[in-house]
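J.: Listed below are the residues making up each chain.
There are 2 protein chains.
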Amino acid sequence: MTLHGSTTDRTADFHAHHAPVGALASFTVGRFDGDNGPGCEIGKAIPGGGVFAGYRDGDGPIQLLPFFRIAPNERARYGLEAGAKQTRACFAASEIRRDYGWCTDRWSAGDLQLSILSPLGELPDPATASRPAARDAFCPAVSVRLVVRNPARVQRTAVFALSPGGEKWLPLPERNGLQTRGGLGLACAHPAARWFTNFDIEGELNRTHVQPLFGLGHVGGLLVDVPAGGEVVLDVAIAWYRPGPATAGRPMAYWYTRLFSGLDDVVAHQLARTGAVAAACAARDAELAAARLDDEQRFVIAHATRGYYASTQLLDDAGRPRWVVNEGEYLMMNTFDLTVDMAFHELRYHPWALANVLEQFATDYSYRSRVFHPAEPQRLLPGGVAFAHDMGVTNIWSADGRSSYEIDGLDRACFSHMSCEELLNWVLCAGVYWSKTRDRAFVDRHAGLIGECQRSILNRDHPEPAKRRGWMQCEDERCRGGGEITTYDSLDHSLGQSRANLYLAVKMWSAHVALAALLRELGRDSEAAASDAAASLTARAVCAAADPATGLLPALLEGGTKAPIIPAIEGLAYPWYMGLKAACSDTGPYGAMIVALRRHIQAVLREGVCLYADGGWKLSASADNSWASKIHLCQHVARAVLGVRQDAVAARRADRAHADWQRIGAADHAVSDQFRSGRAHGSLYYPRIVTAVLWLDEA
Amino acid sequence: MTLHGSTTDRTADFHAHHAPVGALASFTVGRFDGDNGPGCEIGKAIPGGGVFAGYRDGDGPIQLLPFFRIAPNERARYGLEAGAKQTRACFAASEIRRDYGWCTDRWSAGDLQLSILSPLGELPDPATASRPAARDAFCPAVSVRLVVRNPARVQRTAVFALSPGGEKWLPLPERNGLQTRGGLGLACAHPAARWFTNFDIEGELNRTHVQPLFGLGHVGGLLVDVPAGGEVVLDVAIAWYRPGPATAGRPMAYWYTRLFSGLDDVVAHQLARTGAVAAACAARDAELAAARLDDEQRFVIAHATRGYYASTQLLDDAGRPRWVVNEGEYLMMNTFDLTVDMAFHELRYHPWALANVLEQFATDYSYRSRVFHPAEPQRLLPGGVAFAHDMGVTNIWSADGRSSYEIDGLDRACFSHMSCEELLNWVLCAGVYWSKTRDRAFVDRHAGLIGECQRSILNRDHPEPAKRRGWMQCEDERCRGGGEITTYDSLDHSLGQSRANLYLAVKMWSAHVALAALLRELGRDSEAAASDAAASLTARAVCAAADPATGLLPALLEGGTKAPIIPAIEGLAYPWYMGLKAACSDTGPYGAMIVALRRHIQAVLREGVCLYADGGWKLSASADNSWASKIHLCQHVARAVLGVRQDAVAARRADRAHADWQRIGAADHAVSDQFRSGRAHGSLYYPRIVTAVLWLDEA
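For the protein sequence lines, the chains are A and B, in the order given. Number 104 in the numbering used here belongs to position 104 of the first sequence; there are no gaps in the numbering. Number 308 in the numbering used here belongs to position 308 of the second sequence; there are no gaps in the numbering.
These aren't lab readings, by the way, just hints derived from the structure by calculation. Any given hint might turn out to be false.
Stretch by stretch, here's where chain B covers chain A in the computed footprint (C-beta under 8 Å, at least three residues) [stated by the list, open to error]: (1) 302-316; (2) 342-354; (3) 684-693.
The following label-pair restraints were derived from C-beta to C-beta distances [to be verified]: (4) A152/A - V609/B: 17 to 23 Å; (5) D59/A - A318/B: 45 to 51 Å; (6) G409/B - P191/A: 56 to 62 Å; (7) P47/B - G60/A: 55 to 61 Å; (8) P548/A - R194/B: 17 to 23 Å; (9) D59/A - R652/B: 54 to 60 Å; (10) A152/A - A318/B: 33 to 39 Å; (11) P173/A - A192/B: 53 to 59 Å; (12) S261/A - A318/B: 43 to 49 Å.
Everything numeric in this text was worked out from a predicted model, so none of it was measured. C-beta atoms are modelled at their ideal positions from N, C-alpha and C, and glycine is treated no differently.
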């Protein structure tokens, strides 16, 4: 557990996701005096939401963790204004300690401990899992454990309550708890606990009327008495259940509606297994604690894991499961340039999910198009298969072969096409999937597509072999004379444009290497040799671009900015993960490029080039917009593939900086991706940061 | 049509509801630089919503009606900052004329006219209506007609679009239009119109790419070219469709789901009948224009009618229709103290709706309780039947016999019980319903309940006949020693407390009179005589309270404030409506009370007592909180029942003040009820103001 708050120099005041698997939901908690609570299908904490956890002795002030907004006109009641009578109290930041583990997030203050449990399991394939296993894996609920001791001599009342942004509550029949019409549940199994709804906690604790249900009350919760000298453990389930079609375009329900009959079924199941969940979380916490990482790295892995599941969605396509990872706050579905980064996490815990997404891209979100060379934009040349940027947005599936994001006819601007990059991504994902699972049936099923991908990649360099240069020269016809972009859509051209991009060139090399391996697996050696040759061409092009004096590689291999970029090395991650060590070796067939990339990364990891003043990594020397997911991926590549390690002081400064970007710079937004000088400014509440899982493979 | 804006001294800058019947939805439009657009189940305009209607010549500035918020960083584009290049334009308030009819709301500016049509029909009983009649009456859609002329020599493009608060769009299959996943539709039948989605209007009109669908675009709309010298009439349907259970507690779907298969069916039906809708609206506009009322009164009636339907909900309770009127912004369902005020409107256009609500109260939301006298709160006495304040909130039905609002054990504070008032309300509603419809089956079906009501009312004065005083003395046991309140829950005790309240006493008299009539209809003459006697007792108590010198009646018949109140006369409305003219006559059995009430109202209608400085009516001399619905009801009683008319100048000032309260004081909130010195501060987006319909009976 990474300690935060009192007794440490790390703030405890930041949001974290706490999410079930596949429900596109998160119980987002941690920001003091902010919006806290359960969000579903909104990619963020619920606006206006509050979480109330605490206790009260007799009629004294109510002691609460500060997970709600204190309105200006309520400041007096909290003793925040001199001389005012205090009827509530928040624990001060200085009184709160937060133990942040991989799966347990625990706040301790006064005589209470509040833990939110987010187990990380190897998820079974829903297509084949037994019903009991599936009910455990995909139960749309989060467990919360509130422990309150009472060393005092008077009776203490403990409270746990939610205010989900004004929504009203009604009883949850046959359970000790409440539900909203929107499908949120809150329940416990404690026989002495009492549910209530009211306007606020103070009104509830001073209530003189008997009926616990006040229909207009938007605060719903549970009370339990803690006898003098005793202790109470209150296990709470927070659950979501949305029946019926949850998506438009292609109508699908949540998979959990096959497994659970309703909210009452969900909370009963979750409450019955809270002990097992807590034990599983503790085991994972211990596993991470034992990893050869520093505390800041452990924090980032834990924070990223939580964020990933908050964006996941498991849907029921007429009996076939569909895995969707939403794009954080943007809610785009299965954005492919995120899939390729998150593949490492998925392969570790649920490789079927990656295959499922690849199948969806192959079946529904691929297209065949021609290309053009920018010197002759009117002349369309043979191209080949490519894949859409995403599959839709806000639970609206896009039409076949179309993303929600891409617009035809733009020129290297946000919302242009990412045809080439997404094509490479399908190949790279297929490569790492096959290498991890040895799922030969998958490779056989897509044998034709793999060949199509090879031809399309070569054509997107140039359809005429003699004119190939080893990098993407030709633009997709959907650009209509304009140009493609990369996943780095909000950066300048150093990373944003696809054509001649160094980052994309190394990724293309990586795809050639992966294709060669896949084609050999299929026994198509002569085709594999063509990919070998293409990889060599790219490697030579990269080497040729290096500045002999400095070793720096320019961001663009032709024209435009020369600014150095860290993601030059990003593409190495895939062959390395596939175990193709020779391809990544100084003495292998691409040794010269490996050496050049090592020299490049050593040259750029300096303050003022690709390091910020706080020691954090700056992806491009020419842009103040650095993405946590990509930094963590490139850290892994530098260390594991290239053997480049910052010195211990610099490495610790970088780790601390990246953790503080999340805790301070993204305090309002849980785990986030895009940072400008340490402040999150986009890609909030994001799933992609799980690239950090690769660090666990480095030991 | 009441004219507003340019050429008049009335502002055109105010919100109005435009609602279908029974869908709890409204297309709320009219506020410049504000949130405009379609709201469903939220009791207000959609936060962040915008409506874009206008046109553009070539690549000149886009001319739009100002029904959207202009962000500070966009002010330059609108030419609102000196020297900036203007790429959009809003028509200025000085250029906009608004013709506000009963059913047509029309803005004219430049070469465009935008009309929103809200037909007012005699709705058929859904339990017995033919399917075609029901589809017309309960179609969940609003018609919009945009007319753009083009006297210029270049082609003009007309646009109509919505931005529903960030929600995304997808095509509406088989229609020329769009839908959201939340069940909003936007479509037209114009063969040359083209739908689109985009980030904004400017982006769309400058679009160079071909595909009209941008998945991330939250602005969805329709474009149509207007040739030089020509004119285009673009009829648009805005529709709502929410399938499946729409309520919790008692799960029910919208009735319209029985009548329409989905959004495509709704918009097709609405578009096919737009001509008929426009004609029906024009006929109603003419009817109101011909009424013997001034323009401000016509405005109030039109404004109130729109607000009422925005709160209506027709639900499907396993094949039986349930009529629900929500309480404006508060979304409480069938609040009974609103039902009694809105009864006059419902009896004019759809009396079955009132009967439906009364049946629901009788079956599900009645209770039997004991009472106590405050001198002996521990001693429970015989009471009888009473009715809940409401049936639930935000589509959550309350449990049997319970409202969402009332809390046990409060003492004359907001959220206490309204047992006595709601009991009187059932009797009064039953009385006016029977008198209007002569539905003897209804009276027979409730013959037992009518007797129960009589006994309960008498007991709530006092169970011992000798101790009765003619007004409510005994509190309901649910108050547990505390006290009941009236519908005037946010006022001081002059109107807020039930016990000894003059307003409630006259309403009790009214209920006695109504009961006597109902019991005579049932042939139960001796029981009727008991109600006659009770009415006489009340009348004597009222007369006895009058100050002989001034004629003023105190707000409370015992103890507390003596502040005079206008609603002393409110209860007279019911016997008068029932045609019981003798009861309301100076020479009838209660003549002394009638004379006393006339003397009272004449005495209070003075500035500084119950008139504001602007001439508006102030319900209580001791509270700055005056309710439009009740003012309009009491205006009717004063004029029609008591023959009290303000002089022409004062009357016109009052009418103008009340209209300006709505247009200026509630500009952001469409028709609203509670005003403090002319500013709306609660009961926003309210249905109750339809009491003004009674003015149509005065001629």
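J.: Evaluate each hint against the coordinates.
T.: Quick rundown of the hints versus the structure:
1. 302-316: violated (count 0)
2. 342-354: Contact hint for the stretch 342-354 of chain A vs chain B: violated, 0 residues under 8 Å.
3. 684-693: It is violated, with 0 qualifying residues against the three required.
4. A152/A - V609/B: 17 to 23 Å: With a Cβ separation near 57 Å, A152/A and V609/B fall outside 17 to 23 Å, so the hint is violated.
5. D59/A - A318/B: 45 to 51 Å: Since D59/A and A318/B have Cβ atoms about 48 Å apart, the given range 45 to 51 Å holds.
6. G409/B - P191/A: 56 to 62 Å: Given a distance of about 26 Å, which is not inside 56 to 62 Å, the answer is violated.
7. P47/B - G60/A: 55 to 61 Å: At 39 Å between Cβs, range violated.
8. P548/A - R194/B: 17 to 23 Å: 57 Å, violated
9. D59/A - R652/B: 54 to 60 Å: At 57 Å between Cβs, range holds.
10. A152/A - A318/B: 33 to 39 Å: 54 Å, violated
11. P173/A - A192/B: 53 to 59 Å: 55 Å Cβ-Cβ, so the 53 to 59 Å window holds.
12. S261/A - A318/B: 43 to 49 Å: 20 Å, violated
Hint compliance for this structure: hints 1, 2, 3, 4, 6, 7, 8, 10, 12 are not met, and every other hint is.
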